[in-house]
Every structure is written in C-alpha cells, then in structure tokens.
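Student: Chains as they are written, first to last, in numbering that gives the first Met the number 0: chain A, 0 to 194; chain B, 0 to 462.
Keep in mind that the hints were calculated from the coordinates and are not lab data.
A virtual CB, placed ideally from N, CA and C, is assigned to each residue, including glycine.
Warning: the hint list may mix true and false statements.
[To be verified] Covered stretches of chain A (in silico footprint by chain B; criterion: 3 or more residues with CB under 8 Å from a CB of chain B, positions within the stretch not fixed):
hint : segment
1    : 23 to 29
2    : 44 to 57
3    : 97 to 109
4    : 116 to 125
[What the hints assert, rightly or not] Partial chain A-side listing against chain B, Cβ under 8 Å, derived:
hint : residue
5    : Met62
6    : Tyr157
7    : Tyr183
8    : Leu184
9    : Gln188
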Amino acid sequence: MIFQRLSFIAAIILVVCSLFLLVSRNWRQSILALATLYIGVFWLTALVWPVGLAIVKLVVGWMAGAVLGASTQYGSFLVQQPELRSVQMFRLTAGGVVVVLVFALEPTVAEWIEIDRVVLWGAMILIGMGFLQLGIMTNPFNLFIGLLTLLAGFETIYAVLESSVLVAGLLAVVNLGLALTGAYLISLQHGEGTP
Amino acid sequence: MNAPLIWIGLPLLIAAILFFLRGRPNLVWIIAVLSNAFLALLAFSIPSGRPVNLGFMLLPVDDSFVILGRRFILGGGDRPFLGLIFAFGAFWFGGGKVARANRYFAPLGMAVMALLVAALAVEPFLYAALLVEMAVLVSIPLLSPPGQPVRPGVLRFLIFQTLAMPFILIAGWAAGAVETNPADERLLQQAVVLLALGFAFWLAVFPFYNWMPLLVSQTNPFVASFIVLVLNTLVFLLALDFLNAFAWLREFELLYPALRLVGTIMVVTGGVWAVFQQDLARVLAYSIIVENGFSLLALSLDSRTGFEIFVSLFLARLISVALFSLSLTVLSEKATPDLRGLQGIMQRMPLASVALLMGLFGIAGLPLFAVFPMRLFLLENLAQISIAYVVWPSIGMVCLIAFGLRLLASFVRSDEKLWKFEESWIQSFFLTGGILLVLVIGTFPRWFLPGIQKLLEGFSQLK
C-alpha cells in the first residue's frame, strides 16, 4: 500500500538516475546511479508483482551493475579527456526533450496498455533514456548502461502484462548475460584479453 | 530418448566438451565436423513418431520434452530443417579451419546452433525471443575474440538484435489479446506492427540493416556470415511459424504488400550499394541483404508456391554465401580484400578466385548457379502481381552481376605470365567441394528441392 501511495517517488528516482547516467563520465558514479535506478524499477514492479518476486529485478540489476563495475575498475578510459560543459548540457537538454516527449506520448500509450500511469510513465522514461544513450554514446560501458536501462524500462511494462516466474527468470538470465558480455567487451577495450 | 535431447541437449553437451578442448584445435575441428554430420544424418534417418530399430531393440523417440512446464517440440516437419542446419554446421565448422577462425568458433558456434534450435522448438513461442537473445550473447566472443579490439559493428549487431527481443515479447502478449478479441482492429494493427518491428531488427530489414556491412567488414567474414546466416535462417522459420499459428496475421491485408515493398527496397538498395563498394566483405554483407530481400518477396506471394520458393532459397543461399565467405577469407590471407588489393590474384590463387566469383554470381542469380532456378520462378510469380516487382529486383541483381564483372576484370589484370596455386590442399578441398555443390544444385535443382520443401510439412496452415 505504501509502495502505491509513494510510487511517484520511484518515477522521480528513475528520471534523476537516468539523466545522471546520460551526463556522468565517472564509472563509479554511473554504477551507483544504475544501482539506484534499479531501486526505482523494483518499486514500480512491486506495485504489480509480489515483493518476493519483484526483488529479483533489484538483485539482478545490482548484480549486472557489479559485473560491469568489476570489469571497469582497472580502467580510467571513461575520463580519458575532460568533457566540454557544452557536451554535457547538450545531453541534459536531449534528456529533457525525452522527458517532455514521454509526457506527451504517455496518454496515447495508456489507451493501449491499461496499467498504472506512474508505472507506464517511469517505464517510458527508461526506454526513452536508454534509446538516447544508445544513440549518442560510443564506448561499450555507456552502451551497455543504455541497453540495461532500456531493458529495465521494457521489463517494468512487461511485468504488468506477464507474471510468469519462468519468463522473469529468463529475463534475469538475459540481463546478466548482457552484463557479462559488456564486461567481456570492456575488458577487450582495456586490452586485457589474451588471444 | 526424445528429439529435443538429441538436437538441443547433445549439441550443447558437445559445445561444452569442445570448449574445454579448445587448446587442441585439430581435435576440436574433427569432433565438431563429425558430430554435426552425425546429427544431420540422424535428422534425415530417424522417423518421427515411430521407434528406431537398432537391430537388437526398438528405441522409442518422443518428439517433445517438457522442462519447467514448457514444451520443446521437434516433430517430423522440423527434421529437414535440422538436417539442413547441422549439415551446414559440418561444412561451416570444417571450413573454420581453412578460414583460420578463432578457437572459440566450434564450441560457441555449436552452442549458438543448439540455442537457435531450442528457440524454434519451444512452446509457447514467446520464449523463442529470449533464447534467440541468449544465442546472440553467446555469439559475441566469436565476433570479437580475445586479443582484438571491440569493433563498432559488433556493438551495433548486439544492440539491434537486443532491441528485437522486447518487441517480440510484447507482440506475443498482443497476439494473445488479439486471439481473444479478434474484432479489435486497433489491437490487431498494433500486434502486427510490433511483430514486424521485432522481425525487422532480427533480420536486418530495411532500414535497420546498416550494422550488417559494418559487422562483416570489421570481423572475420567467415565467422560473421555463419552467425548472420544461421540466425536469419532460424528467424525466417520463426516467421513461418507465426504465420502458420495466427490466422489474423495471415489474413492481415497490408502484410503482403508491405513485405513486397520492403523486400524490393532491400534488393535494390543492397545491389546498388554493393556495386559501388571496394571492400569485398561489405559486398558479402550487401549480398546477404539482397538474399533476405528476395526471401521477403517470396513470402509476400502468400501462396504455396511462394512458401516453397521461400524454403528452397535456404539451401542455395547457405551454400553460395558459405563459398563466398570462405574464398574471401582464403584470399584475405594473401592480399587486402578489396578491388585494388586483389588485382591479378587469379594467377596466384585461381581456385579461391573462381570460388569467390561463383559465390557472388550464385547470390546474384546468374543462370546455372544455385539460386537461379528459384529466383526465376519467384520473378515469374511476382510478374503476375505487377511488372514493377520484376523490374526493380532485377536492377538489384544486375548491380550485383555488374560488381562481379568488375571483380573479374580486377582478378585477371596482371602482367605476370606464370600461374601458381597458392591454396593449401585443405583449402582446395573445401573450395572445390563448394564450387561443385553450387553447380550441381543450380544444374539439377530437382535432386534437392523436394527434400528441402518437406520443411513446409510442419506448417499445415500455410496454403
């Protein structure tokens, strides 16, 4: 019940974290933001799933973040050169445009998928920000953060449509697989792979 | 014993064994080729629904396998596909040694094949999206092996394939909703659009195909084309499965014109982009796009003939692309794989040069080559709908042929008088085998087509 009443907080967490992921160039802060983002995802999923099952999203998200973080910790490639403030402003503005777009599109999508407005809103924010990350980032770390963000948004909507435990389990496997693949590619980027 | 254990469980087990043996490449190569050939042989010889006579006992082989309440079914209709895909695997893993593929090629390649067969077998079908995604993830170390930098093509491949999964999963939910409420026109349109987007991402359909030239040109073309082909073949079969399962999808009136339009655009743009390329790996990628376009055109006929052409194209496509990518990898060992780098190569590596030209002309649809009979039949049928659907795809074909002629001119341009054979015996063996197969399939299509068309037995609703 308390989850339901305060669900807008979850949506705010998602907006703040996903915007932060767009502008951050520090891998530690990005992983922390990703972990916080999954708290929001868990919160919204708990509105439609039993808490015991919804917590899978949180655990898997944190594990994915930990795997990505572990592969990144020896590298400082994310801060190879200081980024211009104008670049960060551009990303923030693009993120703002996505938020506005989601506000505009949400009523149309709500007519099709009958789910809690806050859940839909939060999920669409994640999908939009995920697409934006995939569109403007080039390094593997940010691309995998983008993919995980996008999938988190999709899973939040899909949790309302499909409550099968097996599907939840397989989606968890896919998320972890993505994180492992990301970790592998990031380690190649560092030149750690051996032929 | 049951069929999913034989064609999903066993390849996964072999993949695991090969992974641990990867330090002994010759042994891995032999096991991979023999096990795939064995699995293909089993697919052609084990009857569906009847026990297998082992001489001393009758061994019943069940078509389905239940795990966690979900069923994996590999019935009689799936056997030709299993035979084709594992025979293709034997050829491809055999060629892996020739193409100097990385040591993960056989173990992870077999795991990818097993996961894709599982995707075809699983019920309900929405699990297929998750299994295909797992196969894509397993394929990444093949495309970006240890010791090599990460290429943008690999990342784009992963992104586009991953984007397909959410669309297919939500389309699965929408499909269920349409089944219960078929009169809801809006829901129907949304289900079709979601499904179309999911398949467009999977199959690199226009306009989502820009990752394909990048992927093939930035990685080992032989490995990349293996992944792309095996994935495309499976996804095309999943598309048939969807058409077979949902009457509302088959009867959606805009579906077939849309397939025709997109297929035509793919053939034309693929052919036109190819003719301006210098890098042969990119031409290979555009050839695959052209082939996919023709497959969509065959589907768009919405008739038994169209479906027969659609499945018949599988065999010709697999062998032509295999020959093209294998010969390209062999030539890449001696020269830069572009028009300038391969100038005069015919006199140094005649067999690889001829094989590459035959692969390219085979995909382009030149007479006497593997694809030609099906392509001709397809164009005849398209002509009955509109002559425009013959003219535009023909432009794509002509462009590919024009590039082939450009390539031939480059290959033979040399001042040297002496001819050499720089191919090794094993390269010569695989290249000669491929050339003969392309010629035999093109010259005597009736020997092969009835067998491959048995694939349609599993799709009883497709008229």
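Student: Now, for every hint given, state plainly whether the structure supports it.
Tutor: Going down the list of hints, with the structure as the test:
Only residues whose beta carbon comes within less than 8 Å of a beta carbon in chain B count, and the segment 23 to 29 of chain A has 0; fewer than three means the coverage is violated. Look at the segment 44 to 57 of chain A against chain B: 0 of its residues bring a Cβ nearer than 8 Å to a Cβ of that chain, fewer than three, so the hint is violated. By the rule of at least three residues with a Cβ nearer than 8 Å to a Cβ of chain B, the coverage given for the segment 97 to 109 of chain A is violated, with 0 such residues. Evaluation of the coverage hint for the segment 116 to 125 of chain A: breached, as 0 residues show C-beta separations to chain B shorter than 8 Å, against a requirement of three.
Residue-level restraint check for methionine 62 of chain A is violated (minimum Cβ-Cβ distance to chain B is 15 Å; threshold 8 Å). About 6 Å separates the beta-carbon of tyrosine 157 of chain A from the nearest beta-carbon of chain B, less than 8 Å, and the hint is met. Taking 8 Å as the C-beta cut-off, the interface hint given for tyrosine 183 of chain A holds, the closest approach to chain B being about 7 Å. With a least beta-carbon distance of about 5 Å to chain B, the hint placing leucine 184 of chain A at the interface is held under the 8 Å criterion.
Contact between glutamine 188 of chain A and chain B, as hinted, is supported at the beta carbon level, the nearest pair being about 5 Å apart and thus within 8 Å.
Of the numbered hints listed earlier, those contradicted by the structure are 1, 2, 3, 4, 5.
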